[in-house]
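Given the sequences, and given the hints that come with them, work out the whole structure.
Numbering (the working numbering), first residue to last: 1 to 290.
It cannot be assumed that every hint is accurate.
[Unchecked claim] For lysine-lysine, the following PhoX-like pairs were computed, each having C-alpha atoms within a straight-line distance of at most 20 Å: (1) K150 to K79; (2) K78 to K36; (3) K126 to K228; (4) K150 to K172; (5) K270 to K260; (6) K260 to K271; (7) K270 to K126; (8) K79 to K40.
No lab work stands behind these hints: they were computed from the structure.
Computed from a predicted structure; not experimentally measured.
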Amino acid sequence: MKNMTRRAMVVISAIMIAFGATELPAAAGTTLEKIKSEGKITVGIDNSQPWGFRDANGQVAGFSPDLISAALAPLGVKKIDFVISEFPALISSLQSGRFDAIAAGMWITPVRCKAVAFSDPDLVEKDALLVMKGNPLNIHSYADVAGNPKLRLAADRGSAAIEHAIAAGVPKDRMLQLTDFNAAVAALTGGRVEGVPMASSSIGRLLHDPNLKDSIDRAMPFTGFIAKDGIEAGGASAIGFRLADTDLRDAYNKRLAEMKADGTVDAIKKKYGIEIDVASVTAEQACSEE
Numbered sequence: 001m002k003n004m005t006r007r008a009m010v011v012i013s014a015i016m017i018a019f020g021a022t023e024l025p026a027a028a029g030t031t032l033e034k035i036k037s038e039g040k041i042t043v044g045i046d047n048s049q050p051w052g053f054r055d056a057n058g059q060v061a062g063f064s065p066d067l068i069s070a071a072l073a074p075l076g077v078k079k080i081d082f083v084i085s086e087f088p089a090l091i092s093s094l095q096s097g098r099f100d101a102i103a104a105g106m107w108i109t110p111v112r113c114k115a116v117a118f119s120d121p122d123l124v125e126k127d128a129l130l131v132m133k134g135n136p137l138n139i140h141s142y143a144d145v146a147g148n149p150k151l152r153l154a155a156d157r158g159s160a161a162i163e164h165a166i167a168a169g170v171p172k173d174r175m176l177q178l179t180d181f182n183a184a185v186a187a188l189t190g191g192r193v194e195g196v197p198m199a200s201s202s203i204g205r206l207l208h209d210p211n212l213k214d215s216i217d218r219a220m221p222f223t224g225f226i227a228k229d230g231i232e233a234g235g236a237s238a239i240g241f242r243l244a245d246t247d248l249r250d251a252y253n254k255r256l257a258e259m260k261a262d263g264t265v266d267a268i269k270k271k272y273g274i275e276i277d278v279a280s281v282t283a284e285q286a287c288s289e290e
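Below, the structure written as C-alpha cells:
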C-alpha cells in the first residue's frame, strides 16, 4: 500500500507540475526580486579613479559606485557590497554569479554587448593618448601609429581602446595588452611602447601625478577611430548586468533617466571633477556595429 501511495504521489506531482499548480513551491525569483527581498546587491569595481576605487580611508568611492547607489536606494537596496576585481575579470565574474552588476565606467562595445546587458549609457567621451613628455614622436592619431611600424601601444587587457586602435588599423602585434592600467603606463615610461590609449576622463589625474607629470604628456590634438559614418568613435560608459537580468537592467534604466533629469548625474560628475557629457544615446544604439 505504501508503494502504491508513493507511485500515486509521483504521478499526481507530475500532473501538478505539468499544469503549473500553485501549491508547489515557487521557483527562485529573478535577481531583481532577490535584491528587493534581501535589500542587498554585490557589485564589481576595478579600483580605478574616477570610476570606482577605495579612497585614503578605505571607503569605496567613484562616479559609478555613487551612481548605482543613488539609483538602487529607492528600490529598497540598503547594502551594496562593492568587490574590487581586475578589469579583465569583471565580465567573467558577472557571468559566473560572483557579481550582480559591474560599476566600473565600462564602455559599451558591440563585442561586450554579446556578454553583458548594459544599462543605457551615463557618460560619453573620446579616446585620448598618453605619450612621453613633449610628444617627441609627434603622434596625433591611431592612423599615425598604424602607419609607422616602429610605434607600439599598450593598454590594460579588455580595454575598449584596444578595439578602437585595431579597428583603426593598428596591428595586433603592436598592441601590448597588459594586466592593468598601471602596467600600461609603466610600459610607456619604461620605453617598451610609445603610447597608451585611454578614456579622456582618466588622463588628467596622471598628468598631475607628481611621480609622472615631468615625464608624460597628452597627445594634443588626437584623433581616434573614425567609424563608417565618418564620426570619431567614442566611449559610452554604463552599468553592466547579466544577460538574463533584463528586468534589473530596465529598473535601473528608469532610475537613470530620472537622475539625468533631476541633476543627480551632473552632481556626481562634479563631485569627481569629470568634465565630459552626459549620454543621450541608448544602449541599443551604443551596441550597434554601425
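Now for the hints, and whether the structure bears them out:
no.	hint	in the structure
1	K150 to K79	violated (50 Å)
2	K78 to K36	holds (10 Å)
3	K126 to K228	holds (16 Å)
4	K150 to K172	holds (13 Å)
5	K270 to K260	holds (13 Å)
6	K260 to K271	holds (15 Å)
7	K270 to K126	holds (19 Å)
8	K79 to K40	holds (5 Å)
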